[in-house]
Amino acid sequence: MMLEVRKLSAGYGRVQVLWDIDLSVGEREIVALVGPNGAGKTTLLRTLSGVIRMRGGTAEFRGRSLGDRSIEQIVDLGIAHVPEGRRLFAGLTVRANLLLGGWRTKNTDLDRVIELFPPLEPRLEQVAGSLSGGEQQMCAIARGLMSQPELMMIDELSLGLAPLIVDEILARLPDIAAAGTSVLLVEQDVDAALSVAERAYVLETGQVTLSGKAGVLLADKRIQESYLGIA
Amino acid sequence: ACGSKGEAPSGGSGTGDTLAIGASLSLTGALAREGKLTQEGYQLCQDKVNAQGGVPVGGKKLKLAIEYQDDTSKPDTAAQLVDQFNDKGVKLILASYGSANTEAQAAVIERNGQVMVDSAGADNKIFSKGYKRTFAVLSPATEYASSIVKSIAELAQPKPKSVVFLSADDGFSKTVTEGGMKTAQEQGFTVMSPQYFKSGTSDVSSSLIKVKGQRPDVIIGSVHLVEGIAIVKQAKELGVVPAGGFGETVAPPTPDFAKTLGAQAENVLGSSQWTPSTKGEDKYFGNAQQYTSDIRAKFGHDAEYHDAEASAACLALTLAAESAGSTSPDKVRDALAALDTASFFGKIKFDPTGQNVYKPMSVIQIQKGKAVTVWPKDAAEASFIWPGTAS
Amino acid sequence: MTATPVLRTEHLSRRFGGLNAVSDVSLSIPEGETVGVIGPNGAGKSTLINLVTGHLKPSSGRVLIDGRDLTGARPWVITHAGVARTFQIVKPFRGMTVRENVAIGILYGPHGVRRMSHAREQATRVLEETNLADLAERAPGELSVADARRLEFAKALALRPRLLLLDEVMAGLRHREIESSLELIRTLKTRGITIVVVEHVMRAILAVSDRVVVLHHGKVLTEGRPRDVLSDPQVVEAYLGHRYAQRRTGGS
Amino acid sequence: MLLLLAALGLQSQLYSGQERTVTAIFMFVALAQAWNLLGGYAGYASFGQVVFFGIGGYFTAVAMTHWHLSFWTCLVLGGVVAALFGALIGMPLLRLRGHYFAIATLGVAEGIREVVTNLPGLTGGGAGITLPTVGDQATTAYLGNDGFYLLFLALAALAVLVSGLVAGSRAGYALRAIHQDEQAAAAMGVNTTRIKVLTFALSGLITGLVGATYAFQQVTIFPERLFDVDITVLMVVMVVIGGSGTVLGPLVGAVILQFLSEYLRQNYTSYHIFLLGAIIIVAVVLLPQGAVNYLRDARRTGEYSLLANVRRYRL
Amino acid sequence: MTSFLQATLYGLLQGGLLGLIAVGFSLVWGVMNIVNLAHGAFVVLGAYVGWQVNDWIGLDPFLGMFVAAAVLFGLGYALQRWLINLVVNGPVFITLLLTFGLDLMIVQAMNIAFSADYRSIPTSYAGDSLHLGGIRVPLGRLLAFGVSVVVTLALVALVNRTRTGLSIMATGMDRAAARLMGIRARHVYALTFGIAAGLAGMAGTMIGTVGTFNPAAASGYTLLSFVIAVLGGLGNMYGALIGGLVIGLVEAWAGQYLPGTWINALAFLVLVVVLIVRPSGLVGRAYYAARLEV
Ligand SMILES: Nc1ncnc2c1ncn2[C@@H]1O[C@H](COP(=O)(O)OP(=O)(O)OP(=O)(O)O)[C@@H](O)[C@H]1O
Ligand SMILES: Nc1ncnc2c1ncn2[C@@H]1O[C@H](COP(=O)(O)OP(=O)(O)OP(=O)(O)O)[C@@H](O)[C@H]1O
Ligand SMILES: [Mg+2]
Ligand SMILES: [Mg+2]
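Which chain is which? The protein sequence lines are A, B, C, D and E, in order.
Going by the working numbering, the first sequence opens with residue 1, and the numbers climb by one from there.
Going by the working numbering, the second sequence opens with residue 1, and the numbers climb by one from there.
Going by the working numbering, the third sequence opens with residue 1, and the numbers climb by one from there.
Going by the working numbering, the fourth sequence opens with residue 1, and the numbers climb by one from there.
Going by the working numbering, the fifth sequence opens with residue 1, and the numbers climb by one from there.
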């Protein structure tokens with residue numbers, strides 16, 4: 001496995017949010033991470049990318065421990081994180097934002113991501129802060145792809161995106177994975193998420209309550225009730 | 001202070017066999033440089049006096065114990081410090097540097113019934129307030145520029161016709177300018193309208209550009225060191241060359257002036273409260289030459305008039321205490337009022353307003369990189385070079 | 001329609017450099033109606049809201065609220081006219097607790113309560129309505145997306161508006177949370193509040209809208225009854241995409 | 001309240017010099033509080049705050065010298081004039097954001113100082129102006145150290161009181177909201193311009209009162225000092241060190257800093273400034289959020305360790 | 001007429017120097033949002049370095065300025081890396097407080113090390129001036145002006161054209177996000193601050209060559225930088241130069257047509273008016289307020 005997380009726990013200040021999380025992502029694999037609001041999905045991604053330090057357990061990427069590495073060092077391992085709230089460089093142009101995405105790998109070829117997000121093309125010289133919500137989301141994801149990471153963690157992929165765009169991105173994820181970028185996907189449209197992911201984890205109040213092949217979970221009663229609204 | 005509060009320790013100044021004197025100095029901030037020199041002056045005075053066992057007061061010899069405090073070049077702090085000395089029962093005060101500080105202190109001194117000898121607060125305003133407890137050993141501001149004007153009127157050949165004043169805009173410098181212009185008119189010069197610039201600035205170009213057109217024979221700056229240097233530097237840059245020469249009040253006597261300007265400083269006139277050729281001597285410092293060598297020996301640089309002023313102030317206070325035969329502020333105050341003595345600083349005698357009546361100002365000129373006295377005649381070390389800008 | 005509409009825009013337009021973010025939009029929303037506004041990303045939905053609430057000045061056109069011309073009026077004036085809005089990218093007051101966040105609106109809103117104690121009570125009531133009560137003393141920075149959105153909602157409700165503009169309050173919410181938000185909107189409707197809902201979550205749009213307006217490149221593409229609009233091929237083409245259409249025909 | 005009584009009790013124990021030192025502390029408590037009203041709560045840092053100080057002071061000086069008004073009249077009027085001036089410049093300047101507001105106010109302060117310097121007829125110009133405190137010119141008997149101690153104490157108390165009231169009031173909420181996000185505040189119905197201008201005027205009022213009193217205490221005042229940017233910087237420094245946007249912060253900051261610098265100055269004459277700088281740096285590194293805020297956070301999270309605190313704010 | 005031309009020219013040259021003084025300050029403030037109250041101290045320290053190397057080995061100040069730049073760069077880098085970085089995530093004005101402390105320490109240290117005497121770096125030529133018809137072009141100032149223009153252009157190139165520049169901008173805007181891009185934020189911050197300090201050092205040496213300096217001058221330069229940086233506009237590397245030129249010209253012209261010291265008042269009037277008319281400076285660009293709402 002590419003990413004191996006064992007018994008990971010984390011939190012903020014005195015509140016613990018994650019308890020003994022076990023999770024793994026394989027080469028060229030798409031893994032979905034679903035769960036109710038406040039479950040700890042964002043916290044988990046933050047912990048893996050070094051934004052907050054882990055309280056216990058281990059996380060290894062290609063056998064290298066993430067626990068004792070700084071954010072920058074983790075990024076250097078080839079892990080990209082599209083954070084919740086996007087964190088675009090509001091004052092810089094879309095172009096600059098994308099170039100910064102490719103900063104580490106000195107990748108300056110925008111065409112690949114533009115072709116994935118056509119609406120960005122006319123906006124390249126616009127300050128990112130003035131983009132519409134959805135456009136910002138596209139910019140954030142595109143920025144993440146720019147470094148051609150080996151593992152990309154996307155928090156809330158479809159947030160604020162028009163259904164059409166969501167479909168297009170989801171449709172493209174397999175190619176991206178095939179091209180060598182594994183994806184750890186946090187997504188609230190469980191139906192959509194499970195339809196592209198190979199495996200999925202269900203996170204509830206800081207613990208993994210279900211995991212397995214996406215197809216299997218899609219058929220699971222509990223999932224259908226609590227996440228798909230199918231009674 | 002109201003009766004309710006604990007009375008300050010021992011009304012008199014000093015305990016046992018020391019004479020406690022308070023000195024607030026500008027050791028940091030804008031006046032740090034002059035503050036340091038003033039401290040040297042006071043320090044040397046203390047050493048000299050104590051070297052002779054101290055001041056004989058009422059039969060026993062008291063060692064001088066000067067306590068220094070830093071007023072950070074701020075008038076309000078300087079004033080506050082005087083109060084603090086008062087609490088410690090220190091009634092005899094040596095003034096801080098500069099007119100603003102001194103003026104602020106004088107008010108408090110008067111209130112607290114302390115006594116202060118002023119070493120560097122030359123603005124006449126200080127002495128126009130009817131204060132009875134502040135005495136200044138130095139000449140008033142009005143003398144600074146007039147002395148230069150007088151020396152030119154007396155010695156310059158050919159006698160220049162027109163003179164213009166470039167002045168900093170602080171109170172002291174303005175008084176200097178007014179005094180100078182008055183004398184200039186009396187001496188029959190055509191006096192052009194003065195140019196004022198911000199005190200402490202190092203860019204006086206616009207003033208120079210303005211006067212350039214008027215072609216004055218003499219340019220006199222009522223300035224501190226910075227502006228003084230700026231005038232000469234920028235005059236050269238801008239090709240402002242008066243037929244006669246430059247006069248710069250207190251800037252040239254400061255060694256930094258010649259050091260900084262090098263050749264450009266040649267023949268610039270300046271006025272000084274004191275020069276090594278000043279006449280007179282006293283039992284502690286001897287004469288001016290000795291004073292110079294003592295300063296050099298102790299602090300490793302040529303004596304500046306700031307040193308001398310300070311020492312002189314300290315000396316006056318000491319002698320007053322001696323003749324009063326007491327350390328009580330009132331007695332010392334009366335003794336100061338009555339003081340009439342020779343010293344390395346020249347004669348010291350105060351008029352009712354507290355200014356040193358005898359005190360003349362010497363005019364110096366930078367010759368071969370050194371400041372030499374050229375006026376008054378009787379104290380002149382070298383002959384007056386004129387015109388100063390021929391070269 | 002006899003009664004003066006609560007919100008009326010006449011040929012409203014806003015340009016950004018070369019781009020017509022909103023162009024010639026004329027809407028009329030009568031008292032008590034709930035209108036869903038959809039459209040591709042960058043269609044001009046948020047800009048429209050900003051124009052109505054005075055956060056952006058129109059390049060041309062007019063905004064009338066209860067027939068009063070408030071074109072380009074300052075935001076707080078419009079708020080005092082009974083209009084409340086949420087921000088697509090949540091804007092909580094970080095230095096203040098959740099309760100205080102809500103209290104502001106109660107203190108300064110159209111019904112400007114002056115007594116602090118009253119304000120606090122009312123704040124508590126609003127928090128209960130939006131089931132944020134147990135987070136009342138938390139700092140907004142500590143909330144998860146859902147709670148942050150709910151807070152945004154609560155802040156708007158605190159103003160007790162007559163016209164409520166909701167910009168993607170359900171983005172990032174899970175099934176359950178969406179249901180509860182919809183519940184809230186329904187109760188607001190029963191109180192006769194006029195509501196504009198901007199969403200990309202079709203389930204929500206269908207659930208509450210009496211009428212749906214589709215914006216595209218700043219213009220009104222079409223408008224009408226929700227189901228008709230969502231099955232309009234133009235809309236599918238420009239916005240929904242075919243997978244969605246299939247799901248609709250396939251599912252439910 | 002307790003502090004107030006304590007301060008009153010303290011007075012009888014002090015010699016007049018120490019009394020003056022403490023008086024200076026009171027003065028800065030008042031000034032820091034005034035700055036905090038807008039700078040701390042609303043986040044509009046005025047780097048020209050001293051202009052109100054100067055206006056209050058010079059108004060008093062001029063009115064007492066030329067128009068022979070009593071000090072008490074001047075005190076009140078001086079404050080009012082400063083407040084009006086605040087409102088006046090507030091209208092245009094408070095539209096500016098962050099840095100630009102800070103410097104615009106700085107520009108005003110420096111500008112007004114130059115104006116004062118250039119009106120020698122009225123203000124004595126650079127030569128300074130001396131208030132009539134002796135002889136028949138005196139319109140009000142000089143208050144003396146005790147008088148000023150009490151007066152500045154009163155001003156400090158007033159400032160703290162005002163700050164406290166504002167903090168708990170509607171206005172306090174609005175200001176804090178503006179600090180976080182002016183757009184959102186407006187959307188909540190806050191007339192941001194109005195509240196900002198009023199607050200600016202209020203802080204101008206207090207600063208003006210202090211300035212007026214200071215002028216009378218100093219007797220002779222100079223533009224360099226009454227419009228000294230250092231005074232503004234000290235206000236900011238005190239607020240930040242104590243904890244900005246709080247009622248106690250400015251109080252604590254002013255007392256600590258003023259006392260510290262005084263203590264160092266008296267005991268380490270030749271390098272006290274150096275020490276002061278060093279101590280400030282250490283304090284900042286250990287308590288970046290300011291003393292009061294640190295204690296508040298610590299009490300909330302139960303995390304008292306300074307090391308953890310450092311970790312929280314470092315890059 | 002000549003006196004007008006003379007004033008204009010002198011104002012321009014002076015303005016260039018002012019720009020050089022402020023450019024580093026503007027960089028640190030506009031990009032890193034750090035108000036560096038020690039900037040003036042850096043300038044003066046730079047002057048002392050230039051003076052010192054000239055005093056020891058007679059190095060010409062126009063070479064000495066590079067030594068000064070290097071020394072100050074080192075100092076600045078270290079200070080940011082190991083001191084200021086400790087508090088950058090604190091409240092807005094915390095860095096102001098920190099640099100206030102630094103300023104106190106550096107100035108007093110210089111007082112002790114070099115005394116408060118006025119110094120100036122002697123050259124054989126700086127005082128001379130070329131004659132163009134009736135007007136004089138002071139050589140030293142002309143060179144200084146050249147330096148400041150070149151430096152500004154170089155800085156613009158660095159920030160707008162290079163990877164480093166991009167990382168500087170990004171880090172200034174959102175440290176956390178920049179780190180997620182793999183940018184070493186701590187280093188980039190230190191680098192930026194170091195560059196600013198280095199430029200201050202250069203400016204200091206220039207001042208020492210055409211004018212005089214002593215430790216007390218520091219605060220003056222900080223204040224000046226404040227005004228110039230904002231007048232020109234933060235976040236735009238040309239801002240400082242333009243602000244400097246405007247101030248230089250305004251003062252020069254005012255000097256010709258206004259009585260007494262109204263000049264200074266005017267300079268600030270201009271500042272305030274400009275800000276009211278153009279709320280983010282002459283050429284300033286306010287990143288954060290790109291779009292206040294989405
Ligand atoms: N900075 C913080 N400080 C304290 N608690 C926090 C912080 N951020 C999040 N939390 C809490 O941690 C828990 C998990 O939050 P998190 O954002 O990870 O959930 P999530 O699964 O991402 O939810 P959502 O789907 O809404 O994004 C929540 O209860 C939240 O309140
Ligand atoms: N300040 C601005 N400068 C330039 N362009 C802008 C500015 N504000 C908005 N735009 C552009 O106007 C268009 C409409 O933006 P708006 O936010 O209204 O879209 P939207 O319909 O809300 O999209 P989304 O569904 O993604 O939120 C977008 O293309 C956006 O890039
Ligand atoms: Mg999340
Ligand atoms: Mg939108």
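Be aware that one or more of the hints could be misleading.
[Unchecked claim] Computed beta-carbon distance windows for the label pairs:
#	chain 1	residue 1	chain 2	residue 2	range
1	A	Gly-180	E	Arg-278	45 to 53 Å
2	C	Gly-67	E	Thr-162	44 to 52 Å
3	A	Glu-60	E	Val-149	49 to 57 Å
4	B	His-301	E	Arg-278	14 to 22 Å
Worth flagging that the hints you see were computed from the coordinates, not collected in a lab.
Every residue, glycine too, gets a C-beta built ideally from N, C-alpha and C.
### Query
Could one say that the CB atoms of Glu-60 (chain A) and Val-149 (chain E) fall in the range 49 to 57 Å?
holds (54 Å)
### Query
Within 14 to 22 Å or not, the Cβ separation of His-301 (chain B) and Arg-278 (chain E)?
violated (52 Å)
#### Entry: Outcome of range test on Cβ distance (Gly-67 (chain C), Thr-162 (chain E); 44 to 52 Å)
violated (58 Å)
### Message
Between the beta carbons of Gly-180 (chain A) and Arg-278 (chain E), is the distance compatible with 45 to 53 Å?
### Response
At roughly 50 Å between Cβ atoms, Arg-278 (chain E) and Gly-180 (chain A) fall inside 45 to 53 Å, so the hint holds.
In this structure, the earlier hints numbered 2 and 4 are contradicted, and the remaining ones agree with it.
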